[in-house]
Amino acid sequence: MTNQDYRHMVPELREKFQEQFADQLALDAYDERDVERFNNDDVYAHCFMKHHKGNIDGAVSMVDTTLKFRKELEINDLTDKSFPAEWLERGGIYYHNHDKDGHPIMFFRIKFVKKDPQMLPTAKKFLAYWMDKHHRQTPDVQVVVLMDMTDAGLSNMDLDLIKFLITCFTSYYPYFLAYLLMYEMPWILNAIWKLIKSWLSQEEQESVKMVKKKEIPQYIDPSQLLTYMGGTDTYEYKYTPPELEGNGDVMHDVETSSLESSLTSSISNPATIHNTSLARKRVTFSEKDQYTSFSAEQGDSDVSSGGTSKGDTLLSLNVTEEMEFNVIDPTRETKFVLVLSSGHKHLAFKVKTTSPERYRVKPSSGLIKPDQSADVNIFLQPGGHTAVSRDKFLIMGMEIADDVTSVSQVASQWKTTPKEEIEEYRLRCVLSEAGKPSLCKASAFTSDDMAKLTEQMLDINKKLTTVMDAQTSLEKRLKNIYRFQIFFFMMVILVAVAVTLVLNWNIVPLNRYNVNSCIPSFFQ
1 MTNQDYRHMV
11 PELREKFQEQ
21 FADQLALDAY
31 DERDVERFNN
41 DDVYAHCFMK
51 HHKGNIDGAV
61 SMVDTTLKFR
71 KELEINDLTD
81 KSFPAEWLER
91 GGIYYHNHDK
101 DGHPIMFFRI
111 KFVKKDPQML
121 PTAKKFLAYW
131 MDKHHRQTPD
141 VQVVVLMDMT
151 DAGLSNMDLD
161 LIKFLITCFT
171 SYYPYFLAYL
181 LMYEMPWILN
191 AIWKLIKSWL
201 SQEEQESVKM
211 VKKKEIPQYI
221 DPSQLLTYMG
231 GTDTYEYKYT
241 PPELEGNGDV
251 MHDVETSSLE
261 SSLTSSISNP
271 ATIHNTSLAR
281 KRVTFSEKDQ
291 YTSFSAEQGD
301 SDVSSGGTSK
311 GDTLLSLNVT
321 EEMEFNVIDP
331 TRETKFVLVL
341 SSGHKHLAFK
351 VKTTSPERYR
361 VKPSSGLIKP
371 DQSADVNIFL
381 QPGGHTAVSR
391 DKFLIMGMEI
401 ADDVTSVSQV
411 ASQWKTTPKE
421 EIEEYRLRCV
431 LSEAGKPSLC
441 KASAFTSDDM
451 AKLTEQMLDI
461 NKKLTTVMDA
471 QTSLEKRLKN
481 IYRFQIFFFM
491 MVILVAVAVT
501 LVLNWNIVPL
511 NRYNVNSCIP
521 SFFQ
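Under the UniProt record's numbering, the residue at position 446 of the sequence shown is numbered 446, and the numbers go up by one with no gaps.
Treat the hints as calculated values from the structure; they're not laboratory data.
The model shown is predicted, which means the values in this text are computed figures rather than measured ones.
Hints may be right or wrong, so weigh each one.
Claimed, not checked - Here are the computed lysine-lysine pairs in the DSS-like style, where the Cα-Cα straight-line distance is at most 27 Å:
#1 K114 - K209
#2 K81 - K212
#3 K111 - K194
#4 K125 - K209
#5 K163 - K212
#6 K213 - K194
#7 K369 - K335
#8 K53 - K197
#9 K212 - K100
#10 K114 - K125
#11 K100 - K197
#12 K238 - K335
#13 K163 - K209
#14 K115 - K81
#15 K111 - K214
#16 K209 - K111
#17 K81 - K125
#18 K16 - K100
#19 K213 - K238
#20 K81 - K53
#21 K197 - K212
#22 K115 - K53
#23 K163 - K81
Full structure from sequences and hints, please.
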C-alpha cells in the first residue's frame with residue numbers, strides 16, 4: 001500500500017460519492033452513522049484514496065461497497081455480548097505488540113477455528129468486529145495480520161471464513177493491511193494456499209509472507225515475539241470483559257471507547273515501536289482520538305485543585321486530589337475507578353494523563369446526562385507501579401447542548417469551546433503499600449475481589465469440567481475394551497468348539513472295520 005498523500009482529493013471523493021449514489025443515500029442503503037463518519041472524518045475518507053492509490057473511481061466504488069457491508073453486518077451495533085463468551089476467552093484473535101516498522105500486530109490463531117456452517121455468519125461478524133476495533137480508532141495506521149497456523153489441521157481450515165477475511169482486506173477496510181504473515185503453515189495445507197493465491201491480485205500476493213520460526217524475526221523483533229515463536233515475550237492472552245454499560249450514558253463510539261487491553265496497550269506503548277513518527281502518534285493522540293496526554297509541566301500547575309474557580313462546578317469526582325493504586329501483584333493490572341457525576345446539565349468529559357504508556361482508560365471520554373454519573377476505569381499496566389508517583393491525570397468537563405449526541409459534534413465542540421469554559425481537575429497518582437487497605441475501597445471485600453473470585457471459580461470449573469470429560473472418555477474406552485475382550489474370548493471359545501467338532505467328524509474309529517480282512521493270507 002502507498003503512503004502518498006491524497007488528502008487534497010477527499011472533497012472530490014465525497015462529492016462524487018454523493019452524485020453517483022444519491023439514490024442509495026435517499027433509500028437509506030447505508031447506516032447514517034457511517035455516512036456521517038465518511039463526511040466528517042478526513043482521515044477515514046483519505047484511507048479510501050490511499051487504498052486505491054489516487055484512483056478516485058475505485059475509491060468511490062469502495063465507499064459504496066464498504067458502507068453497504070457495514071450496514072448488512074450491523075457493524076456499528078456489535079459488542080462483546082454479540083458473540084459466544086468462549087470465542088472471546090480463548091484468544092483466537094487479539095492485538096499485541098508491533099513489527100519492525102511499528103505496525104500493530106493482529107494475531108489470528110487458526111487452531112481455534114472450528115468449521116461450522118451454521119456459525120459462519122457469526123464468525124464473519126466476529127472477524128469484522130476485531131478489525132473494526134483498530135480501524136475505528138486509527139484508520140490510517142496499517143496492521144500486520146499474523147495468521148498463526150501452529151497446531152492447525154485440515155479441520156481448522158474454513159475456506160469461506162478465510163476468503164471473507166481476505167475480502168475485508170481488499171474491499172471493506174481501506175488501507176487496513178500492511179501485510180499478511182502466514183506462520184508455520186503445515187505442508188499438508190499447501191494446496192489450500194494455492195487456492196487462496198487465486199483470490200488475490202499479483203500485488204496482493206506480494207503482501208503475503210510465508211514464514212517459519214527461523215524466518216519470522218526478519219519482520220518482527222524477538223522482543224515482540226511470543227516465546228513459542230522463538231521470542232522473549234511471555235505474554236499470555238487474557239480476556240478482560242468490558243465494564244457494564246448504563247452508568248450515565250457513556251458513549252462507546254469510535255473515539256470514545258478504548259480497545260481491548262492488548263490493543264490499547266500496544267498502541268500507546270512507545271517502547272514497542274521502532275518508527276519514531278509512529279511512536280509519537282501513539283503516545284500523544286490527536287483530538288479525534290480523545291484519549292490524549294498532557295505535559296508534566298501542565299500537570300505540575302495547580303495539581304491539587306479540586307475543581308475550577310467557577311462558583312458552580314460542572315463535574316463532581318469521588319476523589320479530590322489523589323488516585324490511590326493498591327498494587328498487590330505488580331505482574332497484573334491494577335484498577336482504579338474514578339466516578340464522575342454531573343449536576344443538572346448535559347456534560348462531555350475527557351481524560352488525559354502524563355504517561356499514556358502506563359495506563360489504560362475505559363472510557364477515556366464520553367457524555368453524562370443530567371443527575372447521572374459515569375465510571376471511568378483506569379488500569380495501571382503491569383510493571384508500571386515503579387513510577388506511579390510521577391504520574392498525573394487531567395479530567396476535563398464542559399457543558400453541551402441536549403441535542404449534541406454524535407461523536408463529530410462533541411469533537412467539534414471540544415475544539416471551539418473557550419478554555420475558560422472547560423472545567424479541569426488535576427489528580428496525582430499515588431501508590432499504596434501492598435496489602436494496605438485503600439481509602440478508595442468501601443469495604444474489605446470489594447467488587448474487584450468478587451470478580452477475581454468469580455474468575456478463579458470459573459477457571460476451576462473449567463479445569464474440573466475438563467477432568468470430568470477426560471474421565472468420561474476414559475470410562476467409555478474401558479467399556480469398549482471390556483466389550484472387545486468378551487467378544488474376543490467368545491470367538492476363541494467358538495473357534496475351539498468348531499475345531500473340536502471338525503476333528504471328531506474326520507477321525508473314523510478302527511472298530512468300525514474288519515481288521516482281519518486287511519491282514520495278508522500268509523500270516524493267517
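* Looking back at the numbered hints, which does the structure fail to meet, lowest number first? -> 2, 18, 20 and 22
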